[in-house]
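Novice: Based on the hints, put chain B with the ligands in the right spot on chain A.
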Amino acid sequence: MKPDISTKVGPIELERPTMLASGILGISLEVFSRLYKDGAGALVTKSLSKEPWDGYPNPTIIGVKAGYLNAIGLSNPGAQYFAKMIESNKTVPIIVSLVGSIEEDFTFMIKQFENVKILGYELNLSCPHVEKVGLEVGDDPNLVRKIVKSIKSHSKVPIIAKVGLGSSDYLETVRAACESGIDAITAINTVRAMGIDVETTRPLLSNKIGGLSGSAIKPIAVRCVYEISSKFDIPIIGCGGVSNWEDAVEFILAGASAVQIGSAIGEKWTDIFSEINNGISKYMEKKGFSNINEMIGIAKKF
Amino acid sequence: MQRNSNRPLVVKIEKIIEETPTVRTLVFSDEIFSSVLPGQFAMVWIPGVNELPMSVMITLEKGKGAFTVRKHGLASTELYNLKVGDYIGMRGPYGNSFTIKQGKLLLVGGGTGLVPLVRLLTFLKKTDEVTILIGAKTKEEVFFEKLANQLLENNKHQVIVVTEDGTYGKSGLVTEEMEKLLYEKKFDAIYTCGPEKMMHKVVQLAHTKKLHVQASLERMMKCGMGICGSCCMGEVLVCKDGTVFDGEYLLSNKEFGFTHRNKAGILENY
Ligand SMILES: Cc1cc2nc3c(=O)[nH]c(=O)nc-3n(C[C@H](O)[C@H](O)[C@H](O)COP(=O)(O)OP(=O)(O)OC[C@H]3O[C@@H](n4cnc5c(N)ncnc54)[C@H](O)[C@@H]3O)c2cc1C
Ligand SMILES: Cc1cc2nc3c(=O)[nH]c(=O)nc-3n(C[C@H](O)[C@H](O)[C@H](O)COP(=O)(O)O)c2cc1C
Ligand code: FES
Chain A
2 MKPDISTKVG
12 PIELERPTML
22 ASGILGISLE
32 VFSRLYKDGA
42 GALVTKSLSK
52 EPWDGYPNPT
62 IIGVKAGYLN
72 AIGLSNPGAQ
82 YFAKMIESNK
92 TVPIIVSLVG
102 SIEEDFTFMI
112 KQFENVKILG
122 YELNLSCPHV
132 EKVGLEVGDD
142 PNLVRKIVKS
152 IKSHSKVPII
162 AKVGLGSSDY
172 LETVRAACES
182 GIDAITAINT
192 VRAMGIDVET
202 TRPLLSNKIG
212 GLSGSAIKPI
222 AVRCVYEISS
232 KFDIPIIGCG
242 GVSNWEDAVE
252 FILAGASAVQ
262 IGSAIGEKWT
272 DIFSEINNGI
282 SKYMEKKGFS
292 NINEMIGIAK
302 KF
Chain B
6 MQRNSNRPLV
16 VKIEKIIEET
26 PTVRTLVFSD
36 EIFSSVLPGQ
46 FAMVWIPGVN
56 ELPMSVMITL
66 EKGKGAFTVR
76 KHGLASTELY
86 NLKVGDYIGM
96 RGPYGNSFTI
106 KQGKLLLVGG
116 GTGLVPLVRL
126 LTFLKKTDEV
136 TILIGAKTKE
146 EVFFEKLANQ
156 LLENNKHQVI
166 VVTEDGTYGK
176 SGLVTEEMEK
186 LLYEKKFDAI
196 YTCGPEKMMH
206 KVVQLAHTKK
216 LHVQASLERM
226 MKCGMGICGS
236 CCMGEVLVCK
246 DGTVFDGEYL
256 LSNKEFGFTH
266 RNKAGILENY
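Sequences listed follow chains A and B, in order.
For the first sequence, the working numbering assigns the number 2 to the initial residue and increments by one for each residue that follows.
For the second sequence, the working numbering assigns the number 6 to the initial residue and increments by one for each residue that follows.
Same shape as in the complex, but just chain A (with noise of 0.2 Å):
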């Protein structure tokens, strides 16, 4: 029989373990639909704020060994204006990042949603680049609990954290999501960095910080699954440096139940998301696990 790749992230159900990440293509219905068929099991959005911001200016993102420095600086279009371009949506698994400093930023941003088609939210805690937001939010836990519970009590569905590695210790600000009533926690966020140039001298990046991502950050990113996996009773979504199935398969023995996909999509375009998934289900079918519960988190018995 073939494994079966169904997964379960707390109440969010995924026909496959492979997730886009946040800021990556996702900007369009289209452009979901077309990763929906190529294998994603869910779709999460750019961070979406209040109005629309328009970023950095360039560069905002730059290749370095083994990974991407990003400054992006959460350019979007605001929720509002999202949530009409996707309200046609009917069958597209997706789940909107949301960015915001203050309770009533994302009371505003989820009303827009009300009357849309999504699986949940992803409330990103963890932009390293951007003042105010992002991590700036999830370093002070009093504040994370406040806007988790004012958004918990507004939702009608799930509500993801995202969080990252900022100046206080992340695993209080997952005790808080936790303690909020928060559905599941995504580790982790770009990490905070930067590069310069030799011949001109000047930093790379336009907002000269950013953060890294993809394949120098990974083992960063599995020590974060498999402590939170360790301390807390909460599902857990693996992110930072996936780029084919050994890495998804690592994560969801350090306790991930899923994974999302990143900056690899940059080199090997949308057909990754299937090849990942077929990846997966071969080594299941080779250990002989039969569903992705069974492998969740098993690295933590030894």
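Fair warning: there could be bad hints in the mix.
Simulated DEER-style distance windows between Cβ atoms [claimed, not checked]:
no.	chain 1	residue 1	chain 2	residue 2	range
1	B	Lys131	A	Lys269	34 to 42 Å
2	B	Glu253	A	Asp170	38 to 46 Å
3	B	Tyr254	A	Lys118	49 to 57 Å
4	B	Lys109	A	Lys118	36 to 44 Å
5	A	His155	B	Ile271	21 to 29 Å
6	A	Asp39	B	Arg8	46 to 54 Å
Pairs of lysine-lysine residues, derived as DSBU-like cross-links and limited to a Cα-Cα distance of at most 35 Å, are as follows [unchecked claim]:
no.	chain 1	residue 1	chain 2	residue 2
7	A	Lys66	B	Lys268
8	A	Lys85	B	Lys206
9	B	Lys88	A	Lys118
10	A	Lys209	B	Lys106
11	B	Lys142	A	Lys66
12	B	Lys268	A	Lys133
13	B	Lys67	A	Lys38
14	B	Lys20	A	Lys112
15	B	Lys20	A	Lys150
16	B	Lys20	A	Lys209
17	A	Lys209	B	Lys76
18	B	Lys191	B	Lys259
19	B	Lys17	A	Lys66
20	B	Lys268	A	Lys51
21	A	Lys209	B	Lys206
22	B	Lys259	A	Lys51
23	B	Lys202	A	Lys51
24	B	Lys88	A	Lys66
25	A	Lys85	B	Lys17
26	B	Lys259	A	Lys38
27	A	Lys269	B	Lys268
28	A	Lys85	B	Lys20
29	B	Lys106	A	Lys38
30	A	Lys38	B	Lys268
31	A	Lys38	B	Lys202
32	B	Lys268	A	Lys91
33	A	Lys91	B	Lys17
34	B	Lys268	A	Lys85
35	B	Lys69	A	Lys66
36	A	Lys153	B	Lys268
37	B	Lys20	A	Lys66
38	A	Lys38	B	Lys206
No lab work stands behind these hints: they were computed from the structure.
Note that CB positions come from ideal geometry on N, CA and C, so glycine has one too.
Specialist: Relative to the frame of chain A, chain B with the ligands by itself:
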């Protein structure tokens, strides 16, 4: 050491060619960027200013690459104003390229859209019969006419300039001239690059005659390598699935010829 094509390669500008009062070609030395495919582009870093997508221009010297820039907004004007000895960076080359057909070929271009078409000329066979239509608003904005003639020296060819105000060459829109040509002559393939409204008309005209046509498109680009999503047009990402698309596909895409996204990702009309 293998070069990381996604990290800006910084070079010095070695030569500047004045094409028109608002268009300049900046020349630099680099093997990889001297020999890209027709339609491919680079993300060009203007240190301290911005980074813009630019088609890679040919040069007649070995081992040299170039960009031809029209001064427009802030970033392109800063690029245009750079001097010999100033630094620029570039990532890439990115994107696909024109499918090279043989026989009777028609190229239709306007403005800096001529850059990939000029490169295409260097990939053609001597046996090809080439017609190139160059569109411009007015006489002083015409460029690459001489270069096109020079590159096609050994081919049966015709370079036709069309100005909107009739101050040089034929008078009218380049697509009106194309319509006339399609009645008189048969073509095996058509290639176009330039303002989107022009390309839309070119594709429609070719389609009514059932001719093979390809267009190289522009959209807002941040990463240039299929990650950020800012260049999406319907379900395609122009930087990675394109920039070159078949006419047949383009006519099925409801954004082609009508809308593009701004920096925030909001659709705007052309
Ligand atoms: C694949 C590709 C190849 C190109 N090749 C050339 C070329 O060879 N020569 C040339 O002069 N120009 C080329 N362009 C256009 C060029 O990138 C700029 O759009 C143009 O120079 C105006 O930039 P600006 O910032 O000065 O103008 P602004 O006044 O800042 O913007 C004017 C308009 O330019 C466009 N634009 C601005 N930034 C970008 C961006 N990052 N990506 C895409 N569009 C943008 C938008 O439509 C914007 O509304 C190309 C664009 C693309 C996508
Ligand atoms: C260009 C780019 C834009 C991103 N934008 C967002 C965003 O808007 N919101 C967010 O939560 N994460 C964003 N991220 C982070 C990714 O979702 C992901 O957490 C990170 O890139 C690590 O995964 P990867 O190594 O597979 O890319 C972005 C990453 C990149 C490279
Ligand atoms: S410019 Fe980023 S995906 Fe095309």
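Novice: Mind listing which of the numbered hints don't hold for this structure, in increasing order?
Specialist: 2, 3, 4, 6, 9, 10, 11, 13, 14, 15, 21, 25, 28, 33
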